[in-house]
Structures are given as structure tokens and as C-alpha cells.
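Chemist: So the protein lines, in turn, are chains E and L. Residue numbers are given in this note's numbering: position 58 of the first sequence equals residue 58, and the series is strictly consecutive. Here this note's numbering = 1-based position in the second sequence + 1000.
In short, the hints are calculated from the structure, not lab data. Given the structure is predicted, the values throughout are model-derived calculations rather than measurements. Certain hints may be false.
Lysine-lysine pairs mimicking DSS-like chemistry, simulated, CA-CA at most 25 Å apart [said to hold, decoys possible]: (1) L:Lys1027 - L:Lys1087; (2) L:Lys1315 - E:Lys213; (3) L:Lys1027 - L:Lys1193; (4) L:Lys1293 - E:Lys223; (5) L:Lys1210 - L:Lys1293; (6) L:Lys1210 - L:Lys1189; (7) E:Lys246 - L:Lys1293; (8) E:Lys227 - L:Lys1318; (9) L:Lys1015 - L:Lys1183; (10) L:Lys1278 - E:Lys227; (11) L:Lys1027 - L:Lys1064; (12) L:Lys1193 - L:Lys1315; (13) E:Lys2 - L:Lys1183; (14) E:Lys161 - L:Lys1318.
Partial selection, computed: residues in chain L whose CB lies under 10 Å from chain E [claimed, not checked]: (15) Asp1063; (16) Leu1065; (17) Leu1100; (18) Ala1110; (19) Ser1191; (20) Thr1223; (21) Leu1225; (22) Gly1251; (23) Ala1272; (24) Phe1317.
Computed far set for chain E versus chain L, every beta-carbon distance over 10 Å [stated by the list, open to error]: (25) Gly63; (26) Thr105; (27) Asp109; (28) Gly122; (29) Gly123; (30) Val125; (31) Gly131; (32) Gly159; (33) Thr167; (34) Gly173; (35) Gly177; (36) Leu200; (37) Asp207; (38) Val215; (39) Pro220.
Every residue gets a Cβ at the ideal spot worked out from N, C-alpha and C, and that includes glycine.
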Amino acid sequence: MKILVCISHVPDTTSKINFVNGDSEFDTNGVQYVINPNDEFGLTRAIWFQEKQGATVTVINVGGPETEPTLRKALAIGANEAIRINANPTDGFFVAKQLAEVIKTGGYDLIIAGKESLDYNGGMVPGMIAGILGYNFLNSCTDITVDGTNVTAVREIDGGKETVTTTLPLIIGGQKGLVEEKDLRIPNMRGIMTARTKALAVVEPTDVAATTKAVKFEKPAAKSAVKLVSADNLDELINLLHNEAKVI
Amino acid sequence: MSILIYAESAEGKFKKVAFELASYAKKVAETLGTTVTALTINAGDVSELAKYGVDKVLKVSNDKLNGFTAKAYADAIKQAAQKEASKVILLSSTTDSIYLSSLVAVGLDAGYASNVVGLPVSTAPFQVKRNAFSNKAFNITEITTDVKVLGLAKNSYGIFETPSTLTEEDFAPSISDADFGVKVASVEKVSGKVSIADADIVVSAGRGLKGPENWGMVEELATVLGAATACSKPVSDLGWRPHSEHVGQTGKPVATNLYIAIGISGAIQHIAGISSSKVKVVINSDPEAPFFKVADYGIVGDAFEIVPQLIEKLKAFKAHQS
């Protein structure tokens, strides 16, 4: 089984979010980048398939040379090879189109992307790839097993979960549950050393017309200070929630 | 040219997000000088949509679509948009609608903006404001294609009544067998509990509760308020509560009217996940806990003393209300 794991290079979840150039660009100054958490759950599940079922795992990212450390980290965790599409990921459709081109010629059986990236929160790339290629698609996927070309998988739904059956080739939008937090791997020294010699192919992008553009960014308005209520005066809290906030 | 919304229903009843979407569509339609058409799938009685400004309903009744099938539903929405020559297609942000939206966008060669909050900033050029960086910022996005798909963030606009005269039309989109490549084998719903996605109020607790055996009072507070229960990431990582209750940046987002955080210090990732909630209450023994910086109301004190008292007082309040 050939698995492709799509990886976004995103600011660490503790990052302070600021903008520069008239609020038109994200301020990368001092920001640590990581593998997008939803993608990392998928990557770790892919490595499980590699170890238990002999799958090969390719990781792919659309981004400039500055994103290569993130791909190297994925290689250190255990991916077999990496591809970087050398372009600025301008919007979800652009990224999906680039990835679809590689998938079309690469013969991948299972494509794992995170259901959403933590920077732009578009949540659209896996679905768009599926739409472009006509592959089977499962979003919000929390578990997957593969037997030959038959797949059983679980999708989170509002207020529960749904078990589905489908077949490869398949694309999933993955999230926590594919593996648990404790299963995530920190690259060891051997992994880091090996990663240096693994193949990282750089591919030039294909032309795609833009469908959206980010015009500018805004930060939420500053919040007014918390109203403290004494622990001995819970009636006051109920009063505030009922008469002032009108939420109960 | 009318604006198309997909009005989601479950077991023959519209979800609340369908009314929020209709209210939003009506307002956008007024700006653009057009009307609102809703697509419904096996929804039963659709007359309720008239309250929120829907002018026309395309009713799909098809037994094949009884279970949710993303590709087939997306196909139905696409064909409805083509039939109505819609330039703007609106979907909600339920798990199902997010699943559909990108398929619909690709099918219509449309630009797609998700997590949209508030009315369009401008309609020519077409610019919307959306949540980005996990609620730590907003992003103004311009959609440059002729046809546009928007995903409206939950609880970001509100429900407004604008009565209209509704015409109903049966609609039979052609659904191909290829749409059923993913088959639902079984559905498991947590019964008797309010889900985080549907809740108006969420009661959430963290490590300050010291152990899973102490969640009885959290459950009880939730029951009194008709709320869903949730938890912080450490609590789900420790296995005290199921992962489905984990809210935050890598868990479920919460955009509810009232969020009550008990014994949760307020890590930046947790705050990011719940910041779209309208009113936040924190109960924590540590007055320095970061949650106090983002909360509307706060109580400094011992949750084990406060929560049981709050439950009793809320019971009395509710009894008085009814």
C-alpha cells in the first residue's frame, strides 16, 4: 500500500499571532513551526501501517524551502520519502490542485490529510482533492483499518460516531483518534540521522487560477475585564447571567 | 440568481443552524437584490423556513438519501445551484456540512470561504470575514470566482424572523451509484445527552477536579442547565473523560452562548477553541489563572464548594422561572 500524508507547516499552538505589512501578512518573527497536529495524527497512523502492513509512506507539503525542516521531521519520525511542491500555498484550492497533480501520477492508495490546519482553518483541502480526482473521501476520520483494498473507518459526527466501509483509493481528512496523543513520536537521534539521507524531492507547481485571496488580517478586539463575583454570592452570578448576559 | 442554502435536517426536523443560515441568506439577498432558495433533503414539513425569509424550497425526497452520503448530498446541492443559477451558496458548519462544502465548491468551480463570521464586508468585490489562526485572528478573504460558496461559522450571526411567502417545489436531482463509494455501516449516537455541537450551554471541567470520580457535580450542573459536558485536553489525555469531550485547538471548537469552565486554568490552546463562545464563566481557586483574562464572569474559590451550591441555587431559579 502506498500512502501519501499531506503535511501543513504551521505555527506551534502556543504562538502569539501578529501581522505585519499593514496587517496583510502573518508575522513569522520568533514563531516556531510544527507539523499541523491533525496531520501528525495521520502521519503516525501511516507509520503504523508501514510497520504492521508493509506500507510505504511519502509525506508532501506545498511551501517554500523554509518548510523543509518540517518535512525532515516527518522523515525522522519514519516516513520513507518526502516531496515539497515549491510554491507559496496561496489558498486551499491552489494547494488541493497541486496535491492532486502529484497523486494522479504517483499511484497512491491512501491519501491522509488533516481535516483542518491550525493556521488558516480552511478545512477544505482533503475534500477538494477528492472532488478534483473523484476518489472516495471520508472527513473527520478517527479510525481506519485496511484489508487488501477494503477499508473500514470511523467518522466523528455531531453527537456520536459513524462506521463506514469503503475501498481504496481513498482520501481522508484525519484528526485525533487515528492515534492517541500518547502514540505520537518524538524523533530519536537515529531517526534524525537517517532523515538527512532520505529523498526529499522538490517539484515545481502547476499553474492554477486563484479562487480566493487573503486581503488582510484583524485581531479580535480587546476584552473588557472579568466581573468577579464572590463565592458567597452565587445569586449574583445567576442574576448577571439571567438579566445582564441573558444566557440562562 | 437566488441565493441557495442547504437547510440541514435530522429525523424530519430542521436543525437550528438551518434557521441561522436562512436568516443570514435573507440579509445577503436583500443586499444583492435577490431571493433565497433552500434545498432540503427528506426534511418532511418545510413550512417553518418561511419564518426566516426563505422564498422557495427545492424539496428532495429520495429514500437513497436517508443516510448521510457526502458525495450524493453534494451532487444534489450542486444541481440545485445550477437549476437556480445561484451565484452564492451557503452552508453551515456542522460536521456534515463542512464535509460537503469543499465537494460542492469543486463541483461548481466556485471559490470557497469557510468559518465565515458576520455579513460580507463588501459584495463587489465579494469579501467576507472569517475566523483564522484558531480564533486568534480574523482574515478578510476575497472570493474572486463568479460562483461563491460560504460556510457560516456556528452561532456567529443569530436567528432573525423575516416572514416570507414560501413556494415549494419537488426536486429530483440525478444521483449516480458512484456517489455511494462510502457506505455507512452503523451510527452510534450518545443518547440522552446534549451534544457539544448542538448545545446552547457547555459546562466544562479540567484537572482542577482532581479525578474522574468527581465529575458527578459537572454532569448535574449540565443537567440543570440543559447543557453539554466538555473537558480540557489534559483530562482527556489522562483518560478521565472521553476524547469526544475534549474542547480546544486540537479538540472540538465550541461556539456556544454560555461556556462555564470549572478548574480549567486556560491554556492558550484551550482558549483558542472556546473563544467563539459568547459568554464565558470561570470558577477557579487560582486568581492568577489565565482564564480570568478572557472570561466575562469569574469566581475565585474552591469548585468543590461552589458547584454544589450553584446547582441548588440554579434549581431554585429554574423552578421559579417555570
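Chemist: Next, verify each hint and record whether it holds.
Modeler: Status of the hints after comparison with the structure:
| no. | hint | result |
| --- | --- | --- |
| 1 | L:Lys1027 - L:Lys1087 | holds, 15 Å |
| 2 | L:Lys1315 - E:Lys213 | violated, 51 Å |
| 3 | L:Lys1027 - L:Lys1193 | violated, 34 Å |
| 4 | L:Lys1293 - E:Lys223 | holds, 8 Å |
| 5 | L:Lys1210 - L:Lys1293 | holds, 23 Å |
| 6 | L:Lys1210 - L:Lys1189 | violated, 28 Å |
| 7 | E:Lys246 - L:Lys1293 | holds, 21 Å |
| 8 | E:Lys227 - L:Lys1318 | holds, 23 Å |
| 9 | L:Lys1015 - L:Lys1183 | holds, 23 Å |
| 10 | L:Lys1278 - E:Lys227 | holds, 15 Å |
| 11 | L:Lys1027 - L:Lys1064 | violated, 34 Å |
| 12 | L:Lys1193 - L:Lys1315 | holds, 19 Å |
| 13 | E:Lys2 - L:Lys1183 | holds, 23 Å |
| 14 | E:Lys161 - L:Lys1318 | violated, 33 Å |
| 15 | Asp1063 | violated, 19 Å |
| 16 | Leu1065 | violated, 15 Å |
| 17 | Leu1100 | holds, 8 Å |
| 18 | Ala1110 | holds, 7 Å |
| 19 | Ser1191 | holds, 9 Å |
| 20 | Thr1223 | violated, 14 Å |
| 21 | Leu1225 | holds, 7 Å |
| 22 | Gly1251 | holds, 7 Å |
| 23 | Ala1272 | holds, 8 Å |
| 24 | Phe1317 | holds, 5 Å |
| 25 | Gly63 | holds, 17 Å |
| 26 | Thr105 | holds, 19 Å |
| 27 | Asp109 | holds, 14 Å |
| 28 | Gly122 | violated, 6 Å |
| 29 | Gly123 | violated, 5 Å |
| 30 | Val125 | violated, 8 Å |
| 31 | Gly131 | violated, 3 Å |
| 32 | Gly159 | violated, 3 Å |
| 33 | Thr167 | violated, 7 Å |
| 34 | Gly173 | violated, 8 Å |
| 35 | Gly177 | violated, 6 Å |
| 36 | Leu200 | holds, 27 Å |
| 37 | Asp207 | holds, 16 Å |
| 38 | Val215 | violated, 4 Å |
| 39 | Pro220 | violated, 7 Å |
When each numbered hint is compared with the structure, violations occur for hints 2, 3, 6, 11, 14, 15, 16, 20, 28, 29, 30, 31, 32, 33, 34, 35, 38, 39.
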